[in-house]
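So the protein lines, in turn, are chains A and B. Count along the first sequence from 1, then add 35; that gives the number in our numbering. Count along the second sequence from 1, then add 93; that gives the number in our numbering.
Honestly, the hints are just simulated from the structure, not real lab data. Just so we're clear, the structure is a prediction, and the values are computed from it rather than from any experiment. Among the hints, a few may not be true.
[As the list claims (entries may be wrong)] The following label-pair restraints were derived from C-beta to C-beta distances: (1) A:Ser213 - B:Ser127: 38 to 46 Å; (2) B:Arg149 - A:Glu60: 29 to 37 Å; (3) B:Arg149 - A:Pro246: 30 to 38 Å.
[Claimed, not checked] Pairs of lysine to any residue residues, derived as SDA-like cross-links and limited to a Cα-Cα distance of at most 25 Å, are as follows: (4) B:Lys185 - A:Ala72; (5) B:Lys247 - A:Asp54; (6) B:Lys185 - A:Leu65; (7) A:Lys206 - A:Asp248; (8) B:Lys185 - A:Lys206; (9) B:Lys185 - B:Val208; (10) B:Lys272 - A:Glu60; (11) B:Lys185 - A:Ile41; (12) B:Lys185 - A:Ala59; (13) B:Lys247 - B:Gly203; (14) B:Lys185 - A:Asp54; (15) B:Lys272 - B:Glu244; (16) B:Lys185 - B:Glu169; (17) B:Lys185 - A:His38; (18) B:Lys185 - B:Lys247; (19) B:Lys272 - B:Leu257.
We put the beta carbon where it would ideally sit given N, CA and C, even for glycine.
Here are the chains, one letter per residue:
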Amino acid sequence: MSHREIEELLGVYALDALDPETAAEVEAHLEGCVRCAIEVGQHHEVTGLLANSGGTAPASLWSGIAEQLDGTSDQSWDRLAARLDAPGSERAGHGPDGGPPIAPLAPIDAGRRRSRWAAAGAGLVAAAAAALALVFGLQVHHLNGQVNALRTAPQLSAAEQAALASPTTRKIPLADTSTTGADHTPATIVLTAAGTGFVMDDAGDGLARLPADRTYQLWGVVGGRTISLGLLGPRPGIVPFSVAGSASVTEFAITNEVAGGVVVTHNQPVAVGAIRV
Amino acid sequence: MGRRSGLGPLGAGSIRVRVSLRIGSVLVDVEQASDANLVVAVGRWHEPALAEVYRRHGGAVHALARRILRSDPPAEEVTQEVFLDLWRHPEKFDAQRGTLRSFLLARTHGKSVDVVRAEESRRRREERTTRETATAAYDIDREVWDMAVAEQVKDALVALPDELRQPIELAYFGGHTYKEVALMLDEPEGTVKSRIRSGLGRLRMNLLERGIEPAGAEL
Numbered sequence: 036m037s038h039r040e041i042e043e044l045l046g047v048y049a050l051d052a053l054d055p056e057t058a059a060e061v062e063a064h065l066e067g068c069v070r071c072a073i074e075v076g077q078h079h080e081v082t083g084l085l086a087n088s089g090g091t092a093p094a095s096l097w098s099g100i101a102e103q104l105d106g107t108s109d110q111s112w113d114r115l116a117a118r119l120d121a122p123g124s125e126r127a128g129h130g131p132d133g134g135p136p137i138a139p140l141a142p143i144d145a146g147r148r149r150s151r152w153a154a155a156g157a158g159l160v161a162a163a164a165a166a167l168a169l170v171f172g173l174q175v176h177h178l179n180g181q182v183n184a185l186r187t188a189p190q191l192s193a194a195e196q197a198a199l200a201s202p203t204t205r206k207i208p209l210a211d212t213s214t215t216g217a218d219h220t221p222a223t224i225v226l227t228a229a230g231t232g233f234v235m236d237d238a239g240d241g242l243a244r245l246p247a248d249r250t251y252q253l254w255g256v257v258g259g260r261t262i263s264l265g266l267l268g269p270r271p272g273i274v275p276f277s278v279a280g281s282a283s284v285t286e287f288a289i290t291n292e293v294a295g296g297v298v299v300t301h302n303q304p305v306a307v308g309a310i311r312v
Numbered sequence: 094m095g096r097r098s099g100l101g102p103l104g105a106g107s108i109r110v111r112v113s114l115r116i117g118s119v120l121v122d123v124e125q126a127s128d129a130n131l132v133v134a135v136g137r138w139h140e141p142a143l144a145e146v147y148r149r150h151g152g153a154v155h156a157l158a159r160r161i162l163r164s165d166p167p168a169e170e171v172t173q174e175v176f177l178d179l180w181r182h183p184e185k186f187d188a189q190r191g192t193l194r195s196f197l198l199a200r201t202h203g204k205s206v207d208v209v210r211a212e213e214s215r216r217r218r219e220e221r222t223t224r225e226t227a228t229a230a231y232d233i234d235r236e237v238w239d240m241a242v243a244e245q246v247k248d249a250l251v252a253l254p255d256e257l258r259q260p261i262e263l264a265y266f267g268g269h270t271y272k273e274v275a276l277m278l279d280e281p282e283g284t285v286k287s288r289i290r291s292g293l294g295r296l297r298m299n300l301l302e303r304g305i306e307p308a309g310a311e312l
């Protein structure tokens with residue numbers, strides 16, 4: 036169909052009044068035609084006003100939604116990579132006015148206030164650096180075996196294994212900060228050149244399983260700021276994260292927090308690691 | 094493999110969340126975060142952000158699904174699908190192309206229409222759908238009654254000439270294809286197609302004249 040023919044269909048497309056085959060043709064056109072995409076957006080805004088009967092969201096339905104989040108989020112490397120590469124994903128990171136990109140967001144515990152990471156973030160970094168100095172020499176020899184073990188780990192998807200095998204991907208072993216675990220590497224950060232990555236809890240020898248009301252939380256020092264890179268859950272396994280679009284991350288840390296996570300931590304990290312320049 | 098932590102209070106009858114997000118260097122209560130910021134947080138599998146999106150827009154989504162489907166069970170199913178889709182594919186929302194609410198409602202409409210058409214297809218095997226059945230489905234009062242701008246929206250719609258308003262009503266609220274609408278109204282398909290597009294444009298102008306500014310980028 037020509038541009039003009041597609042244009043004539045934009046109204047009925049916005050109302051879902053096309054057959055699936057024609058709708059697919061319009062959608063393909065919209066991918067490359069900003070003008071038509073904007074017009075469809077305007078039609079959706081108008082119909083949204085017609086449709087909006089207001090009212091409160093039925094609370095009973097939320098529990099049904101929340102139940103399905105577990106096990107369906109499929110935080111695989113493939114999904115994360117697809118999400119970050121998807122057209123528009125960067126735009127979604129802008130404010131409504133198309134402002135500058137929004138920095139990574141951190142979960143927070145309602146009871147906490149930004150006191151430590153804002154003010155004491157440097158303290159954690161210092162602690163992490165100290166711990167690194169302590170364990171760095173011991174962990175280097177462990178790295179090769181660690182990476183080899185990761186590469187053959189059965190739970191890695193093909194994409195994760197490919198990322199792991201890439202020469203531009205960094206593998207950052209995190210050091211156990213406990214006094215008894217100096218030669219123990221509970222988890223490894225796998226970080227691609229694109230800024231996407233995943234943290235891998237070493238199966239059988241990794242982070243101790245936490246009770247259901249606790250979670251591990253991943254932190255990164257990015258552009259001089261300490262930010263949350265996401266919740267890892269009480270038994271992490273493989274969890275993707277991203278620092279894409281941000282300045283380079285220089286250090287990583289994992290803390291043990293209340294379920295739901297915190298925006299600033301009061302806890303010392305259980306594992307730390309830094310990227311060697 | 095541990096993944097998500099539960100959100101106990103959310104499942105206990107209340108969907109209010111008392112958590113915050115860090116946006117840049119600023120700590121923002123999740124209830125104060127913009128829709129775009131919430132979607133970014135959803136992209137990071139931040140459940141409280143999705144809960145807040147649901148709190149803001151779940152009512153409208155459910156109401157539209159129920160309006161089109163005229164039955165609670167399938168409407169609830171569509172509502173859940175809409176929010177689970179956002180959880181799984183937040184990148185499909187483009188803040189530069191419109192509001193999150195219109196995005197969610199468009200998704201709701203599409204899913205509801207799919208259900209309607211599947212049901213229609215089944216029913217057509219048993220009986221012919223009459224014109225009366227289709228036109229009786231429309232009830233704009235019920236649709237916009239609770240909106241703060243209900244009267245203006247209603248006025249804007251009523252201000253449309255019948256030939257522009259009817260096909261929009263039948264397609265949008267009735268879930269009919271424009272070809273079906275053409276049959277119902279006994280008009281050429283091309284005419285209906287053009288009238289729907291013109292009608293939506295005129296409706297937008299009518300809303301603007303009444304001080305209601307639908308979001309979305311300008312051409």
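How the hints compare with the structure:
no.	hint	result
1	A:Ser213 - B:Ser127: 38 to 46 Å	holds, 41 Å
2	B:Arg149 - A:Glu60: 29 to 37 Å	holds, 34 Å
3	B:Arg149 - A:Pro246: 30 to 38 Å	holds, 32 Å
4	B:Lys185 - A:Ala72	holds, 13 Å
5	B:Lys247 - A:Asp54	violated, 29 Å
6	B:Lys185 - A:Leu65	holds, 13 Å
7	A:Lys206 - A:Asp248	violated, 30 Å
8	B:Lys185 - A:Lys206	violated, 31 Å
9	B:Lys185 - B:Val208	holds, 22 Å
10	B:Lys272 - A:Glu60	holds, 17 Å
11	B:Lys185 - A:Ile41	holds, 21 Å
12	B:Lys185 - A:Ala59	holds, 16 Å
13	B:Lys247 - B:Gly203	holds, 23 Å
14	B:Lys185 - A:Asp54	holds, 21 Å
15	B:Lys272 - B:Glu244	violated, 31 Å
16	B:Lys185 - B:Glu169	holds, 22 Å
17	B:Lys185 - A:His38	holds, 23 Å
18	B:Lys185 - B:Lys247	violated, 30 Å
19	B:Lys272 - B:Leu257	holds, 15 Å
The structure does not agree with the numbered hints 5, 7, 8, 15, 18 stated previously, though it agrees with the rest.
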